[in-house]
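**Student:** Listed below, chain by chain, are the residues.
Number of protein chains: 2
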Amino acid sequence: MPETKVKKDEDFNEWYNEIVELAELCDKRYPIKGMNVWRPYGWSIMQNIDNLIREEMSRTGHLEVYFPLLIPESLFKKEEEHIEGFSSEVFWVTHAGENPLEEKWLLRPTSETAMYPIFSLWIRSHSDLPLKTFQIVNTFRYETKQTRAFIRVREIHFFEAHTCHKDFEDAEKQIKEDLEIAERFFQKLSLPYILNKRPEWDKFAGAYYTISIDVMMPSGRTLQLGSIHQYRDNFARPYNIIYEDINGDHKYCHQTTYGMSERILGAIIGIHGDNRGIILPPAVAPIQIVIIPIIFKGKEEIVENKCKKIKEILDKIGLRTLIDSRDITPGSKYYDWELKGVPLRLEIGPKDVENKQVTAVRRDNFEKIQVKENEIKEIIPEILGLISKNLFDKAKKLLDNNIKKFENIEDAKNKTGIIQLPWCGREDCALKMEEELDVKTLGTPFMEEQCNLNCPICGEKAKNWVRLAKTY
Amino acid sequence: MPETKVKKDEDFNEWYNEIVELAELCDKRYPIKGMNVWRPYGWSIMQNIDNLIREEMSRTGHLEVYFPLLIPESLFKKEEEHIEGFSSEVFWVTHAGENPLEEKWLLRPTSETAMYPIFSLWIRSHSDLPLKTFQIVNTFRYETKQTRAFIRVREIHFFEAHTCHKDFEDAEKQIKEDLEIAERFFQKLSLPYILNKRPEWDKFAGAYYTISIDVMMPSGRTLQLGSIHQYRDNFARPYNIIYEDINGDHKYCHQTTYGMSERILGAIIGIHGDNRGIILPPAVAPIQIVIIPIIFKGKEEIVENKCKKIKEILDKIGLRTLIDSRDITPGSKYYDWELKGVPLRLEIGPKDVENKQVTAVRRDNFEKIQVKENEIKEIIPEILGLISKNLFDKAKKLLDNNIKKFENIEDAKNKTGIIQLPWCGREDCALKMEEELDVKTLGTPFMEEQCNLNCPICGEKAKNWVRLAKTY
Chain A
1 MPETKVKKDE
11 DFNEWYNEIV
21 ELAELCDKRY
31 PIKGMNVWRP
41 YGWSIMQNID
51 NLIREEMSRT
61 GHLEVYFPLL
71 IPESLFKKEE
81 EHIEGFSSEV
91 FWVTHAGENP
101 LEEKWLLRPT
111 SETAMYPIFS
121 LWIRSHSDLP
131 LKTFQIVNTF
141 RYETKQTRAF
151 IRVREIHFFE
161 AHTCHKDFED
171 AEKQIKEDLE
181 IAERFFQKLS
191 LPYILNKRPE
201 WDKFAGAYYT
211 ISIDVMMPSG
221 RTLQLGSIHQ
231 YRDNFARPYN
241 IIYEDINGDH
251 KYCHQTTYGM
261 SERILGAIIG
271 IHGDNRGIIL
281 PPAVAPIQIV
291 IIPIIFKGKE
301 EIVENKCKKI
311 KEILDKIGLR
321 TLIDSRDITP
331 GSKYYDWELK
341 GVPLRLEIGP
351 KDVENKQVTA
361 VRRDNFEKIQ
371 VKENEIKEII
381 PEILGLISKN
391 LFDKAKKLLD
401 NNIKKFENIE
411 DAKNKTGIIQ
421 LPWCGREDCA
431 LKMEEELDVK
441 TLGTPFMEEQ
451 CNLNCPICGE
461 KAKNWVRLAK
471 TY
Chain B
1 MPETKVKKDE
11 DFNEWYNEIV
21 ELAELCDKRY
31 PIKGMNVWRP
41 YGWSIMQNID
51 NLIREEMSRT
61 GHLEVYFPLL
71 IPESLFKKEE
81 EHIEGFSSEV
91 FWVTHAGENP
101 LEEKWLLRPT
111 SETAMYPIFS
121 LWIRSHSDLP
131 LKTFQIVNTF
141 RYETKQTRAF
151 IRVREIHFFE
161 AHTCHKDFED
171 AEKQIKEDLE
181 IAERFFQKLS
191 LPYILNKRPE
201 WDKFAGAYYT
211 ISIDVMMPSG
221 RTLQLGSIHQ
231 YRDNFARPYN
241 IIYEDINGDH
251 KYCHQTTYGM
261 SERILGAIIG
271 IHGDNRGIIL
281 PPAVAPIQIV
291 IIPIIFKGKE
301 EIVENKCKKI
311 KEILDKIGLR
321 TLIDSRDITP
331 GSKYYDWELK
341 GVPLRLEIGP
351 KDVENKQVTA
361 VRRDNFEKIQ
371 VKENEIKEII
381 PEILGLISKN
391 LFDKAKKLLD
401 NNIKKFENIE
411 DAKNKTGIIQ
421 LPWCGREDCA
431 LKMEEELDVK
441 TLGTPFMEEQ
451 CNLNCPICGE
461 KAKNWVRLAK
471 TY
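So the sequence lines, in the order shown, correspond to chains A and B.
Our numbering applies: residue 1 is where the first sequence begins, and numbers increase by one.
Our numbering applies: residue 1 is where the second sequence begins, and numbers increase by one.
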């Protein structure tokens, strides 16, 4: 079987770049760095991911909105920490036609400052709360680091949920719901993750606290796929988001946000893929099952008819199925669809027709399974479930094997993956760890066991574990 | 029944502005003129419209792509007519963070100049043709005229199909397919339209010819909802889109585009709505049927259960149904859902339960229909079909009554709607008509009867009819 020029376990980053092109997910030749063209196949996967998000949003009563791309400078500057955090990485629109604008506008890097002035108009009383909204849009950040398809780009396909609540506790409940959403959502993508409470000096600009959703890439680097923020009333004050409670008192709302990006697709490619191509979780595969007719002379019609019949059965149970009837060899078809990560292939030849069966080949482990025609409706969805599970289990092993606990710096040196160390909680101790180990602080494990050891830098009693890693 | 403050037939434009707000379609208080916030209800309708477009694209083998928002100035300037046509109305990004960009970038006003340099990489041989793509994105135009929700905005929700062909004839076939797409699509929205071949001096910048899709608004002005362009090889030459034909010769592609915008929603609001609110064609209504329980003391449970049972039946046949169980009077519920244009209301009270029936009330004409419970599956979809048909017929009458043929200028003076006059084909004669009648040239009727009269300006033999109207 043909394989990628660069092998995944030899040079992950180069393999990733190659596979993104070969599978026709995006075109990186657009003349602005970090702004890539979504090709039909890549865009179709991303839309399936978006639709899984929409399902979760609908289930939890979030309403979809769309706020303008452009934000006037004066609105943007209302929350001080926020402007500080973002001002070096925004794009500015300064002219319309030949004329300079009276006030310059920026392209949304995220939408707090576009939404919250309007939320302050929408929210009047406690009966307007909670307000739960989301949008799926592109955001823009001026990346100066090396770009990488889906992982570090300047036009970012982005999901952002924004909620307003009557008090801190109600906002905390939202955070809990967000974590449940993450659990269901990433399960469908076969992506195990860890939650980290980001350190004070590296949380979202303006947030009270930030939880990041991080996955382990095969390179040993972590990739942050999303984040959940508790804002308290940090934005409600400058943007004046006030409601009247049942007693007629006026109070500031408490807010949360939940953001995820096209990095999800980057994680799917990087974590599940192999040297033959990408491997798509059935939940987001544009084609879940490809049917390949194995044609012999004189048997064309019976094979073609059988393929159509099998497709009909699968269509009826809601599976996305394609018959590849191109005039090329079956082997070339296998090659194409393995490259594009179609989870399951059905081969149907004259013998299969005779034996009233199809030959199923799994993309994840190449296992061949004979499936009786009258059992297709039950067995094929089961196999797709097994593929999802196997992808998850393999990814979980990768993640678990790469979380490494140490008690002192010396032992942690030159280790790949996620380094977990006892930590007193002081910024300077964490920064010292970063420096000694050449890693970044991910944060403290969210909702996990406490640590009873001592900080390896200052020797004081640790308040918690801290996780550090090389990151994308 | 409560009605709008401003009546539709008294001041259409004011009525339109009021209804857009009352039905919570968008919020116009965002601090950049012409950039409005899509509220959940409006956005949901627009997404349903987008999905109807996607259905048509999928049926005709167009693939969905996404090209970057930002276009470098140098790419944009390759086709001379195009840059002339658009340069006064584009927004420029000139800075990133604190730094001026080396080359300035514009926000896409339309995507020819972003796509075609990449098409020239994708297309190598005749086997790559036809290339049929589309995207649904927001485009940006610096409007200096008065803005109006969905009709004249600066951030425009936009559909654009772009195709490449081996020659002019193949591109002409695409135009035919586009016209079939328009027919099916606008039928679902109950929007009758006319096709006009735009005059030379007002076609799309860079096009060989342009066909516009125009509808009649109740104000007597026309609204252009879309356009179909034949480019010939006008863009292929500067952007170097070349293929090798079967003989090994290198040839320029011929191209077409098809564009439509959120104006479609503006037309739905304006044409179908009445003094109680908007009226949505069932094909795009987020809620197609609202069920209102008519509760009497002691009968709550049997009514609620019946409502649930009816909803289940409707869900199963794929209709979007909501039970409004809010604790307010049925009358207030009628008011809300009439405002929001839900095509059909079902009232279910104890008597209906007893008689094994529901009371259906049509939004378009307020007709009340008793429907037997065991006939719901058949009758309700039929009623929705009748609503679509009635909306179409009313709109068709509005359009037909407003196309007025004249043989001379004097008769055409002070007439509203579309003025149709014999025309010699010369620009100066058309401009003279525009001036005398205070209207704009829509163009010549596309694929309709010829005209044997004389041009009323120069007296020469007419080549065609020309249509003129006040436009949005």
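In case anyone wonders, no lab produced these hints; they're calculated from the structure.
The reader is advised that the hints may include incorrect statements.
The list treats identical chains as one, so a pair stands whether inside a single copy or across any two.
Claimed, not checked - Here are the computed lysine to aspartate or glutamate pairs in the DMTMM-like style, where the Cα-Cα straight-line distance is at most 20 Å:
{"#": "1", "residue 1": "Lys-104", "residue 2": "Glu-89"}
{"#": "2", "residue 1": "Lys-309", "residue 2": "Glu-449"}
{"#": "3", "residue 1": "Lys-77", "residue 2": "Glu-98"}
{"#": "4", "residue 1": "Lys-397", "residue 2": "Glu-18"}
{"#": "5", "residue 1": "Lys-440", "residue 2": "Asp-393"}
{"#": "6", "residue 1": "Lys-145", "residue 2": "Glu-98"}
{"#": "7", "residue 1": "Lys-145", "residue 2": "Glu-102"}
{"#": "8", "residue 1": "Lys-33", "residue 2": "Glu-73"}
{"#": "9", "residue 1": "Lys-440", "residue 2": "Glu-102"}
{"#": "10", "residue 1": "Lys-333", "residue 2": "Glu-102"}
**Student:** Compare the structure with each hint and give your call.
**Tutor:** Hint-by-hint comparison with the structure:
Taking identical chains as interchangeable, the C-alpha atoms of Lys-104 and Glu-89 lie at most 20 Å apart whether they share a chain (15 Å) or sit on different chains (16 Å). In this homomeric assembly, Lys-309 and Glu-449 never come within 20 Å of each other (Cα to Cα): the closest approach is 54 Å inside a single copy and 48 Å across copies. For the identical chains of this complex, Lys-77 and Glu-98 are inter-copy neighbours only, at 15 Å across copies versus 26 Å inside a copy, given an alpha-carbon limit of 20 Å. Proximity of Lys-397 to Glu-18 under the C-alpha cut-off of 20 Å is found in neither arrangement, the shortest distances being 25 Å within a copy and 59 Å between copies.
When the C-alpha separation of Lys-440 and Asp-393 is checked against a cutoff of 20 Å, the pair qualifies neither within a copy, at 27 Å, nor between copies, at 66 Å. Taking the closest pair of Cα atoms, Lys-145 and Glu-98 come within 20 Å of each other only across two copies (16 Å); inside a single copy the shortest separation is 32 Å, beyond that limit. For the identical chains of this complex, Lys-145 and Glu-102 are inter-copy neighbours only, at 17 Å across copies versus 32 Å inside a copy, given an alpha-carbon limit of 20 Å. In this homomeric assembly, Lys-33 and Glu-73 come within 20 Å of each other (Cα to Cα) only across copies, at 15 Å, whereas the closest approach inside a single copy is 25 Å.
For the homomeric pair Lys-440 and Glu-102, neither the shortest alpha-carbon distance inside one copy (41 Å) nor that between copies (32 Å) is at most 20 Å. Proximity of Lys-333 and Glu-102 under a CA criterion of 20 Å is satisfied in neither setting, with 58 Å inside one chain copy and 45 Å between copies.
In this structure, the hints that do not hold are numbers 2, 4, 5, 9, 10, in rising order.
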